[in-house]
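Just so you know, the protein sequences line up as chains A and B, in that order.
Our numbering numbers the first residue of the first sequence as 1 and each following residue consecutively.
Our numbering numbers the first residue of the second sequence as 217 and each following residue consecutively.
FYI, nobody ran anything at the bench for these hints, they're computed from the structure.
All of these numbers come straight from a predicted model, not from anything done at the bench.
Glycine included, every Cβ here is placed at the ideal spot set by N, Cα and C.
One should not assume that every hint holds.
Stated by the list, open to error - Covered by chain A, per the in silico footprint, the following chain B stretches (three or more residues, Cβ under 8 Å): (1) 341 to 347; (2) 426 to 432; (3) 462 to 469.
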Amino acid sequence: MIFLRRQVPLLITLITGLVFAAQYYVPHPASEQMLTSVTKWLQIIGGFALVLGVSSLFHVHAMKIRRKEAGWGYSFVLYVSMLGTIAIGLWSNGKEAVDGTMTAFGWIYNFMMVPLQGTMFAILALFIASAAYRSFRARSREAAVLLIAAVIVMMGRVPLGEYLIPLSGDLSQWILNVLNASVRRAILIGVSLGTVALSIKIIFGMERSYLGGGKE
Amino acid sequence: MTFAERMLKIDRRIIFLVIGLCTLLPLLYPVGLPIKISPEVRGVYDYIESLPEGSVFLLSLDFDPASKPELHPQAISLLRHAFRKNLRVVAMTLWVSGTGMADQVVTQVAREMGKESGKDYVFLGWSPGGTAVIINMGQDLYGAFPADYNGKPTKGMPVLQGIANLRDVNYAISLGAGNPGVEAWYVFGKDKYKFELGGGCTGVMAPGLYPLLRSGQINGLIGGLRGAAEYETLIGQKGKAIAGMDAQSATHLAIIVLVIICNLFYFSMRRQATQQSRSGA
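Please construct the entire structure, taking both the sequences and the accompanying hints into account.
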């Protein structure tokens, strides 16, 4: 059993990792055909992952409701909403509208999901303003630099700011294009090198946490 | 408790009220300040403008309703521009929760511009697999989307004539609110299949995409509501983005004033504390 649970997945990872890293550099039709087939598998696996995710969510919240854990009422609401949406979605054949007429599924999407998600995001503006007032203080030189840069970018990104301080637009562009882009690029290169190192460790079986059960 | 201390601990509902009023009043009484066009937004506009009639324009609406206020106006402006230029529009989404919204915006603009589904444009909908869908489309478009969102087979559709995969796309734009989004379209799409790519994103995400812009990995970037307002100005059709710019101006200014006030009180408190410790010593 340990062979099936450990060695086989490690072998599959090693072979597929090496083959598909090499595939990128081989434009032969056979190599391209192989990539076409495998991306179809990926889509099918993606579909299964969605089913797995939904069933896992069902399981976690069913346990919370059964054990009457703290906040189990929210889990109940989630359960009812999810089951209701799935049932109505199946009934409406997954369509929000048929021949221009809104279905029940479309009604849920347009009048529940869209305003709820919009509200959640809109509330952020209020909390950002409150948090900025309470914590955006020039406590050190670094914080002062950050504060000044933030004020310039905020002014430069809106017409009123550019109207009041005409230079703020160009200054904001310079901060974004030069300072921000160079720092972001350095971070990106670091992250990418880390990703390459982690991929090599996974391909050669040095990193096995994705198999579950912790390190051996 | 001193006045400065009291002001620093002000009830947050007052701040909420200030922000609420700064949003509401400009929407009710718009000022309409002029909007300056940035080079990154002009990059997208100029490229679409340079495309000949019948070119293939792929628009991936990779966002959900949470980002609707910023990305919906961008989608409307881009679609209006593409339809006006008589480009063949291929729309899709990589975000399952945004499928209905993407369908609505594409259908609404197409109807407004007198365009026909299957002939002038197609909405492919969503397909599982996340970034794998981009590779799949790069290899075989019909394998990734055998049917469009309405269930019509994609093979043989007049709008897709001569298109086998992403290599046949003249220009692609991802309007992304996260992952998969603009970066994924570059890494898994443009880099291998060599089509020109532009991006649109929320205001929060824009600074993170500037390295891609500066290196030419994307040829233009529409950032947030401001970017959408700039695009509306460029195509000469005022929409929700331009209407929202006054509100955004007012809220930005309100936050700046709040931060300055908070720092003034903070420094006055710090000076008081220093003076007290000196007199105590």
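Hint by hint, here is what the structure shows:
no., hint, result
1, 341 to 347, "holds (count 4)"
2, 426 to 432, "holds (count 5)"
3, 462 to 469, "holds (count 7)"
The structure is consistent with each of the numbered hints, conforming to all of them.
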